[in-house]
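Protein chains: 4
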Amino acid sequence: MNSVNAILLLSCPDQKGLVATVSNFVFQHNGNIIHADQHTSQTTGLFFMRLEWNLDHFDIPREEIGEVIKPLAEQFGMTWHLQFSDYVPRIALFVSRHVHCFHDLILRKRMGEFKADIPLVISNHPELIPLIEHLGVHSEYIPITPETKLAQEDKELALLKEYRIDFVVLARYMQILSGKFVSAYPHRIINIHHSFLPAFAGSKPYQQAYDRGVKIIGATSHYVTEILDDGPIIAQDVTKISHRDSVEDIMLKGKDLERIVLARAVRLHAENRILVHGSKTVIFE
Amino acid sequence: MNSVNAILLLSCPDQKGLVATVSNFVFQHNGNIIHADQHTSQTTGLFFMRLEWNLDHFDIPREEIGEVIKPLAEQFGMTWHLQFSDYVPRIALFVSRHVHCFHDLILRKRMGEFKADIPLVISNHPELIPLIEHLGVHSEYIPITPETKLAQEDKELALLKEYRIDFVVLARYMQILSGKFVSAYPHRIINIHHSFLPAFAGSKPYQQAYDRGVKIIGATSHYVTEILDDGPIIAQDVTKISHRDSVEDIMLKGKDLERIVLARAVRLHAENRILVHGSKTVIFE
Amino acid sequence: MNSVNAILLLSCPDQKGLVATVSNFVFQHNGNIIHADQHTSQTTGLFFMRLEWNLDHFDIPREEIGEVIKPLAEQFGMTWHLQFSDYVPRIALFVSRHVHCFHDLILRKRMGEFKADIPLVISNHPELIPLIEHLGVHSEYIPITPETKLAQEDKELALLKEYRIDFVVLARYMQILSGKFVSAYPHRIINIHHSFLPAFAGSKPYQQAYDRGVKIIGATSHYVTEILDDGPIIAQDVTKISHRDSVEDIMLKGKDLERIVLARAVRLHAENRILVHGSKTVIFE
Amino acid sequence: MNSVNAILLLSCPDQKGLVATVSNFVFQHNGNIIHADQHTSQTTGLFFMRLEWNLDHFDIPREEIGEVIKPLAEQFGMTWHLQFSDYVPRIALFVSRHVHCFHDLILRKRMGEFKADIPLVISNHPELIPLIEHLGVHSEYIPITPETKLAQEDKELALLKEYRIDFVVLARYMQILSGKFVSAYPHRIINIHHSFLPAFAGSKPYQQAYDRGVKIIGATSHYVTEILDDGPIIAQDVTKISHRDSVEDIMLKGKDLERIVLARAVRLHAENRILVHGSKTVIFE
Numbered sequence: 048m049n050s051v052n053a054i055l056l057l058s059c060p061d062q063k064g065l066v067a068t069v070s071n072f073v074f075q076h077n078g079n080i081i082h083a084d085q086h087t088s089q090t091t092g093l094f095f096m097r098l099e100w101n102l103d104h105f106d107i108p109r110e111e112i113g114e115v116i117k118p119l120a121e122q123f124g125m126t127w128h129l130q131f132s133d134y135v136p137r138i139a140l141f142v143s144r145h146v147h148c149f150h151d152l153i154l155r156k157r158m159g160e161f162k163a164d165i166p167l168v169i170s171n172h173p174e175l176i177p178l179i180e181h182l183g184v185h186s187e188y189i190p191i192t193p194e195t196k197l198a199q200e201d202k203e204l205a206l207l208k209e210y211r212i213d214f215v216v217l218a219r220y221m222q223i224l225s226g227k228f229v230s231a232y233p234h235r236i237i238n239i240h241h242s243f244l245p246a247f248a249g250s251k252p253y254q255q256a257y258d259r260g261v262k263i264i265g266a267t268s269h270y271v272t273e274i275l276d277d278g279p280i281i282a283q284d285v286t287k288i289s290h291r292d293s294v295e296d297i298m299l300k301g302k303d304l305e306r307i308v309l310a311r312a313v314r315l316h317a318e319n320r321i322l323v324h325g326s327k328t329v330i331f332e
Numbered sequence: 048m049n050s051v052n053a054i055l056l057l058s059c060p061d062q063k064g065l066v067a068t069v070s071n072f073v074f075q076h077n078g079n080i081i082h083a084d085q086h087t088s089q090t091t092g093l094f095f096m097r098l099e100w101n102l103d104h105f106d107i108p109r110e111e112i113g114e115v116i117k118p119l120a121e122q123f124g125m126t127w128h129l130q131f132s133d134y135v136p137r138i139a140l141f142v143s144r145h146v147h148c149f150h151d152l153i154l155r156k157r158m159g160e161f162k163a164d165i166p167l168v169i170s171n172h173p174e175l176i177p178l179i180e181h182l183g184v185h186s187e188y189i190p191i192t193p194e195t196k197l198a199q200e201d202k203e204l205a206l207l208k209e210y211r212i213d214f215v216v217l218a219r220y221m222q223i224l225s226g227k228f229v230s231a232y233p234h235r236i237i238n239i240h241h242s243f244l245p246a247f248a249g250s251k252p253y254q255q256a257y258d259r260g261v262k263i264i265g266a267t268s269h270y271v272t273e274i275l276d277d278g279p280i281i282a283q284d285v286t287k288i289s290h291r292d293s294v295e296d297i298m299l300k301g302k303d304l305e306r307i308v309l310a311r312a313v314r315l316h317a318e319n320r321i322l323v324h325g326s327k328t329v330i331f332e
Numbered sequence: 048m049n050s051v052n053a054i055l056l057l058s059c060p061d062q063k064g065l066v067a068t069v070s071n072f073v074f075q076h077n078g079n080i081i082h083a084d085q086h087t088s089q090t091t092g093l094f095f096m097r098l099e100w101n102l103d104h105f106d107i108p109r110e111e112i113g114e115v116i117k118p119l120a121e122q123f124g125m126t127w128h129l130q131f132s133d134y135v136p137r138i139a140l141f142v143s144r145h146v147h148c149f150h151d152l153i154l155r156k157r158m159g160e161f162k163a164d165i166p167l168v169i170s171n172h173p174e175l176i177p178l179i180e181h182l183g184v185h186s187e188y189i190p191i192t193p194e195t196k197l198a199q200e201d202k203e204l205a206l207l208k209e210y211r212i213d214f215v216v217l218a219r220y221m222q223i224l225s226g227k228f229v230s231a232y233p234h235r236i237i238n239i240h241h242s243f244l245p246a247f248a249g250s251k252p253y254q255q256a257y258d259r260g261v262k263i264i265g266a267t268s269h270y271v272t273e274i275l276d277d278g279p280i281i282a283q284d285v286t287k288i289s290h291r292d293s294v295e296d297i298m299l300k301g302k303d304l305e306r307i308v309l310a311r312a313v314r315l316h317a318e319n320r321i322l323v324h325g326s327k328t329v330i331f332e
Numbered sequence: 048m049n050s051v052n053a054i055l056l057l058s059c060p061d062q063k064g065l066v067a068t069v070s071n072f073v074f075q076h077n078g079n080i081i082h083a084d085q086h087t088s089q090t091t092g093l094f095f096m097r098l099e100w101n102l103d104h105f106d107i108p109r110e111e112i113g114e115v116i117k118p119l120a121e122q123f124g125m126t127w128h129l130q131f132s133d134y135v136p137r138i139a140l141f142v143s144r145h146v147h148c149f150h151d152l153i154l155r156k157r158m159g160e161f162k163a164d165i166p167l168v169i170s171n172h173p174e175l176i177p178l179i180e181h182l183g184v185h186s187e188y189i190p191i192t193p194e195t196k197l198a199q200e201d202k203e204l205a206l207l208k209e210y211r212i213d214f215v216v217l218a219r220y221m222q223i224l225s226g227k228f229v230s231a232y233p234h235r236i237i238n239i240h241h242s243f244l245p246a247f248a249g250s251k252p253y254q255q256a257y258d259r260g261v262k263i264i265g266a267t268s269h270y271v272t273e274i275l276d277d278g279p280i281i282a283q284d285v286t287k288i289s290h291r292d293s294v295e296d297i298m299l300k301g302k303d304l305e306r307i308v309l310a311r312a313v314r315l316h317a318e319n320r321i322l323v324h325g326s327k328t329v330i331f332e
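Going line by line, the protein sequences match chains A, B, C and D.
Residue numbers for the first sequence follow the working numbering, beginning at 48 and rising by one.
Residue numbers for the second sequence follow the working numbering, beginning at 48 and rising by one.
Residue numbers for the third sequence follow the working numbering, beginning at 48 and rising by one.
Residue numbers for the fourth sequence follow the working numbering, beginning at 48 and rising by one.
Hint data in this document are derived by calculation from the structure and do not stem from the laboratory.
Warning: the hint list may mix true and false statements.
Which copy is meant is left open, so a pair is good if it fits within one copy or across any two.
[As the list claims (entries may be wrong)] Below 20 angstroms or equal to it, Euclidean Cα-Cα: the simulated SDA-like pairs (lysine to any residue) are: (1) Lys287 to Ile297; (2) Lys202 to Ser88; (3) Lys156 to Asp276; (4) Lys300 to Glu111; (5) Lys287 to Gln254; (6) Lys156 to Leu129; (7) Lys208 to Gly113; (8) Lys156 to Leu315; (9) Lys63 to Ile191; (10) Lys156 to Val146; (11) Lys327 to His290; (12) Lys327 to Ser293; (13) Lys251 to Ile165; (14) Lys287 to Leu93; (15) Lys156 to His181; (16) Lys63 to Asp84.
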């Protein structure tokens, strides 16, 4: 049976009775909790929760659930987001010259590793367009120069709207987005940086890692904010290297990290498992 | 403020209203939930929960909490265990010839890495006794031969009782315990096996790993059951090896794994974070 | 400059003067050693070496090098294999129903992550053929039943010959090869098994891992021998799981391991970095 | 048989015939090479080698080997270091308030995990002195204030000389050494920094990691240079954390990393397995 679940993400100041109130709400309306996960940050005094319940015998129609939650949320000062498990989020991929993350995401989507559509790919490199179209994905070539940047970004924002995009994934996209663009999709733009942030922010992180002589390299997926490589971290992974590894070897090993770490972030976001507070994330796996 | 928390571990068949009922119980008696973690096994239909709440304004005296929980638990068919955060569990260490895990646990205890007492160490090797006593720990030398085994185990069981031991840790203890002994402390005897179980069960796992030519070795902490190296797994960790590693190199690398994996299991058990079902564990970290 | 290197892999009983003799041979003929790696197994008394040198000013023509090595090798009882860095090995991929490893290898080859051609893909599932052909790779549909197995394998062996295949990669191929087939390509058939061997050999390893309640899962690439899942191990990797992971979650996490571990084995073999002795491998990375 | 090996570490500009010349030297004097490892850095054009050979039938007396190597080394412009396997290096441990690395190294030494003596421990905290002496190790209490720093360091340098110390290990020593001190033991002072350098250099790295919201923490052992936390990295390791980990949890997990990573560096240095070039290390494992 493919019945539908409701997924509620919420955060608020910690206080007595939060778990009881929220779980009672589901129980009293005859819902069955499938997953419940909560976290209280001792340093900020904030409470975070992800609740997933089955709607099979739930006695509130799904289109009215939000209305019923509203007063409850106001009472506790909750920020909240409600989604349903049959909704398929829509991703726009941005890609430049390096295509391994792009290919990886397209393949994972096809093999059903995460539930999302990719109706739009934007590239600032014309040579990728035929390749993308060959894969049956709609693509737009939008070159960026310092002079055209803001105008081109407006075009991109219009496309995101036209294609009803839920979130943007920068799959090794080599352009820095403007503040305007970033603020149009707050915590909805995911980037992959090919280092273990905060080490080696900025350009050529593998070269930086080689020059510093580290024994482990990493990759970091994070939400994009206005400060470069500084947004809330979603996932990280690392692998060992040695003095035998040239910069090219490091790049090769790093590509596997990038693919895995970016795919993990995309899946977590698509499944509504991430709550952001300040510069940090709570991940409900 | 060093106020006391109650920690409730429970499991029962999954059913609607479990989270609501349990969290209501705490809320209505004015308790503040510090941590709540639950899990539903889709294959067995079992529900597991660990609930930790602060007793500062809780309106049931701690010695009566169990009585109040009882009818609630019966209603849902719950197996449950209640403990308080100011209780310091008492461990008996069993040790043979290899002392790295023994030393490691003594040191971690001293440095406060887990909250437990170690009032008793039992060794079947006489040469360890002065070393153990030098560390200020009470020890008993109990040699084991096939003929004396059952009688000596009775002596050990009497000591465990005398010292009010909560759980036993086999820190590379090289004797197989009898069924009688094991069943006296069900899911309360923790062993460290120096392989990635179920690979290389039995004796000389590092030699077995070397002979097979694996590229990764491991260590496994588990509860002891009557079948050797077959009990519910608590923690595992691994490290890479190569053709350059001799059996001695593998042993050396393995010792670090053993220390970490056994210490992790001891801490998890001491903090009431483990629920056993069948041959598996639920770990609430 | 894309000059050519010679790569010599050798093994023999350990004895004095081996490194000196081999490196002198290169030096006296005006070769420049790029990489030299050796290993002596203390348990077997065997010596292994991989030597890579540049042929730019080497004074023996490449087609005669083998002839000159022959008497040297005989003197020390060496088993040896000579190859040149401009040779592109030819791979046949065998694939069944799970296509993630197949896709991964095709993509890595395209992106230049290893140097090899894949002129032939064989599948026992007809529905994959159009997909494979769409990727521009030649494929053959060869169904296998217990009755047709040996005849069909003869057809496969003929194809391997026709396409001048150097080594075979079983990219989640779900058929057990006959002894005849295996012995036609000794240490030249690479399989990926989706467990941390020797744990969970045989069928449904992820289900086995779930049932046993392990906390870490793995994948193993190995050479195929006549005994199932028992050949010399080339590479292994692992990832952590918890009680929260269903069999489906474990499969998903395992797929990333399988891709990486199989790709690593293919690259190592294609670059002549593997020496087999008995049931073990020496890997010169 | 406990026969003695010679261990030669060397580096020089890469050139033809290096491996042949060095291995011939050993062969012609009837030595048996036990391990040989070399590396050529493509970016710097430098050649590095570690050669270990058995002296059983070597026809040069050990005290004259250096003299024979000298002209060979001059011919190729080699920097070199010769040591014998029966030499036991002498370590001075510096320790402040955190004692886990100190205890770990003392225990590993006792259990024979590395071959070195620890004849001297220096602490700037008086309360550690009785603890250290109880372990049977000689200790000196040398408090440091900004005013007394240079004078106290002179006292320390005198002690290092008196105790014929080969290398210094800062086992979570919380004082920054002066340039004078550092230059007296170039590449012979090993520090453990409790972060994944270059991330979180300086003070309170675990707090920094918590504040940044990273998903992985690390530890780094490195040689001390005049610039804080900037010296050549010897070893690094990492472990995963999540939003559930408080700063205290991170510290606890980090302590295991620190112990392992520092012990690895001490063993590598004691066994003459490290060559430094510029800000990087070559590690011959």
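We went through each hint and held it up to the structure:
{"no.": "1", "hint": "Lys287 to Ile297", "verdict": "both (10 angstroms within a copy, 19 angstroms between copies)"}
{"no.": "2", "hint": "Lys202 to Ser88", "verdict": "neither (40 angstroms within a copy, 47 angstroms between copies)"}
{"no.": "3", "hint": "Lys156 to Asp276", "verdict": "neither (26 angstroms within a copy, 31 angstroms between copies)"}
{"no.": "4", "hint": "Lys300 to Glu111", "verdict": "neither (49 angstroms within a copy, 37 angstroms between copies)"}
{"no.": "5", "hint": "Lys287 to Gln254", "verdict": "within (16 angstroms within a copy, 25 angstroms between copies)"}
{"no.": "6", "hint": "Lys156 to Leu129", "verdict": "neither (23 angstroms within a copy, 43 angstroms between copies)"}
{"no.": "7", "hint": "Lys208 to Gly113", "verdict": "neither (24 angstroms within a copy, 57 angstroms between copies)"}
{"no.": "8", "hint": "Lys156 to Leu315", "verdict": "within (14 angstroms within a copy, 29 angstroms between copies)"}
{"no.": "9", "hint": "Lys63 to Ile191", "verdict": "neither (52 angstroms within a copy, 49 angstroms between copies)"}
{"no.": "10", "hint": "Lys156 to Val146", "verdict": "both (15 angstroms within a copy, 13 angstroms between copies)"}
{"no.": "11", "hint": "Lys327 to His290", "verdict": "between (34 angstroms within a copy, 8 angstroms between copies)"}
{"no.": "12", "hint": "Lys327 to Ser293", "verdict": "between (33 angstroms within a copy, 13 angstroms between copies)"}
{"no.": "13", "hint": "Lys251 to Ile165", "verdict": "neither (28 angstroms within a copy, 32 angstroms between copies)"}
{"no.": "14", "hint": "Lys287 to Leu93", "verdict": "neither (36 angstroms within a copy, 23 angstroms between copies)"}
{"no.": "15", "hint": "Lys156 to His181", "verdict": "both (16 angstroms within a copy, 18 angstroms between copies)"}
{"no.": "16", "hint": "Lys63 to Asp84", "verdict": "both (16 angstroms within a copy, 16 angstroms between copies)"}
When each numbered hint is compared with the structure, violations occur for hints 2, 3, 4, 6, 7, 9, 13, 14.
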